[in-house]
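Asker: Below are the chains, spelled out letter by letter.
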Amino acid sequence: MRVPGSVIVAGIVATLMILAAIVAPAIAPYDPTDMATYNLIDSELPPVWTGEGDARFPLGTDNQGRDLLSAIIYGARVSVGIGGAAVLLAATIGVSLGLLAGYFGGWIDAVVMRAGDIIMSFPTILLALLVSGLARALMPDGGSVGWTPFILIGAIAIHDWVQYARTVRAAAMVEGAKDYVKAARVIGLPGRRIMLHHILPNVMSPVLVIATINLAGAVLTEATLSFLGVGMPPNYPSLGTLIRIGNEFVFSGIWWIALFPAITLVILVLAVNMVGDHLRDRFNPKLRGRS
Amino acid sequence: MLAVTAVAFLMFRYVGDPVRAMAREDSSVEERQELARALGLDQPVAVQYGKFVARVVALDFGISYRNHRPVAALIGERLPATLEIVFVATVLALAFGVPLGVLCALRPDGLAARAVQAVSLIGISTPTFVVGIALILVFAVTLKVLPSFGRGEVVTLGWWTTGFLTPSGIASLVLPSVTLCLFQMTLIMRLVRSEMIDVLSTDYIRFARARGLPRRYIHFKLALRNALMPVITVTGLQIGSLVAFAIVTETVFQWPGMGLLFIQAIYFVDIPVMAAYLLFVGFLFVFLNTVVDVLYALVDPRLRVRS
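Residue numbers (the working numbering), protein chains in the order written: chain A, 1 to 291; chain B, 292 to 598.
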């Protein structure tokens, strides 16, 4: 199957952005987490091409004189990091539970799948808000900054694991009935070994497809939570936090603080989505055209 | 016939799930609530849960920790605002999503269809709040034609306050509801498109074409009607998610609805408000499921015969 040009472009864009996010300290002109680099005199400078900007800050500065370009690169790092970790956590939980449910069936299957149904009947964002709200309520220090990324990761993963579990369960049931698994059972291999070494490799490709699509969703959910003010704090911002900061200044005509992080976020999510859509169509032509 | 009974059975199971979801969720909130208070009351959880349910049935959700007012009154105040934008957003999403989907299905390679497809891909990748901010930037800050926050003037009808009856109320509705409807519209459009393509390739459509029936009749009377079935389901179920997404929209536009109430409850760890909101959403999901099932029977004669 030929890969359409747009998908190749999307793939390159997504890879570049994720790479840029990973090596953020090496390419960002300033360290936005280091308050010593802020200078209030430089605050709210517009982008360089408007004529009123400063060459030191190509995309302008925010309300505290923080270089916007650096803040965006670091913000993308936080967004991708949290999104990636959430996908990893969700995939680990989902794949393990799906394997157990599919291989053993019976009550494990029933409990896992019912739990999944219940979780899926709530929208992601509501569940994530609820989890982060409760986490903050339960923590004695009111959910200190250090914990926030982990709360966010958990809040996103709690909804997303269900998809992996459902897919892996179905695949594991199919694989489990095949002769090679029966043979493995006959020679007395333990269930753990059969699941990990025989069934798991054969159900991995749909998992990778779901993970790609989920990455886009997880980055969006994180951005939304941060935007709503229950995510990353302003001194360690993600893209969502930057947009939240910028939103307060939109009315005073200072559009760049909100606009550039927003564009970055949209391009990142769009690129990952396009790659994910293509992978999904490729692995399962039946799903083509469905959202 | 077997298939229809299976579908009915599945539907009933599906309707049942949110009910259980509701019970589980609120019992856990109840438990956590006790934990948070560090009281651990002597009564067993079951008794507490029973009392909680009894109070909920009487619409007594307790008193908000922050506002020191009964939660039921707070929700009652905020409910109309949220329902109004959700209603307008759903209508808009259907009004634009269905025709665009049909367009894409009828001329899949046409220029218009490709443009719509590309826009829809951008649409699902753009978070709601970015859309909201962009609209504010364009229509409220730059063009200064539409208000960007609040509900404008509202008219009170009994306990219901509406923004439909004043010019400023309607103007305030525009931006939030457009923001809210965009994602929904994309979803409906993609669904209508794929369903239409499926239906158009069936034998009875080919037969209708062979009979020389007018194209309009085939497309809109025969094909669209059958393609709309899943659209009804998705739209109905998505209204629940719209209420959840309204949290984001309401924050952007400072819309005094339930979402804003919930977000504030989270900031201030206002457990009774959080619990009540959750119960409301759970109830809404059950309610919508039921409505969708009833609509199914009305739209699809095949299901009516069985019951």
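It is possible that part of the hints are untrue.
Partial list, computed: chain B residues near chain A (C-beta under 8 Å) [to be verified]: (1) VAL421; (2) PHE511; (3) PHE536; (4) GLN545.
Calculated Cβ distances over 12 Å to all of chain B for the following chain A residues [what the hints assert, rightly or not]: (5) ILE22; (6) TYR180; (7) ALA183.
Computed, partial: chain A to chain B, Cβ under 7 Å [unchecked claim]: (8) PHE104; (9) VAL131; (10) GLY133; (11) ALA223; (12) LEU228; (13) PRO234; (14) ASN235; (15) LEU270.
Derived from the structure by calculation, the hints contain no laboratory data. All C-beta atoms, glycine included, are put in the ideal place defined by N, C-alpha and C.
Asker: Each hint: holds or not?
Answerer: Consistency of the hints with the structure:
{"no.": "1", "hint": "VAL421", "verdict": "holds (4 Å)"}
{"no.": "2", "hint": "PHE511", "verdict": "violated (21 Å)"}
{"no.": "3", "hint": "PHE536", "verdict": "holds (7 Å)"}
{"no.": "4", "hint": "GLN545", "verdict": "violated (11 Å)"}
{"no.": "5", "hint": "ILE22", "verdict": "holds (21 Å)"}
{"no.": "6", "hint": "TYR180", "verdict": "holds (32 Å)"}
{"no.": "7", "hint": "ALA183", "verdict": "holds (34 Å)"}
{"no.": "8", "hint": "PHE104", "verdict": "violated (22 Å)"}
{"no.": "9", "hint": "VAL131", "verdict": "violated (10 Å)"}
{"no.": "10", "hint": "GLY133", "verdict": "holds (4 Å)"}
{"no.": "11", "hint": "ALA223", "verdict": "holds (6 Å)"}
{"no.": "12", "hint": "LEU228", "verdict": "holds (6 Å)"}
{"no.": "13", "hint": "PRO234", "verdict": "violated (15 Å)"}
{"no.": "14", "hint": "ASN235", "verdict": "violated (18 Å)"}
{"no.": "15", "hint": "LEU270", "verdict": "holds (4 Å)"}
Violated hints, in rising order: 2, 4, 8, 9, 13 and 14; the structure is consistent with all others.
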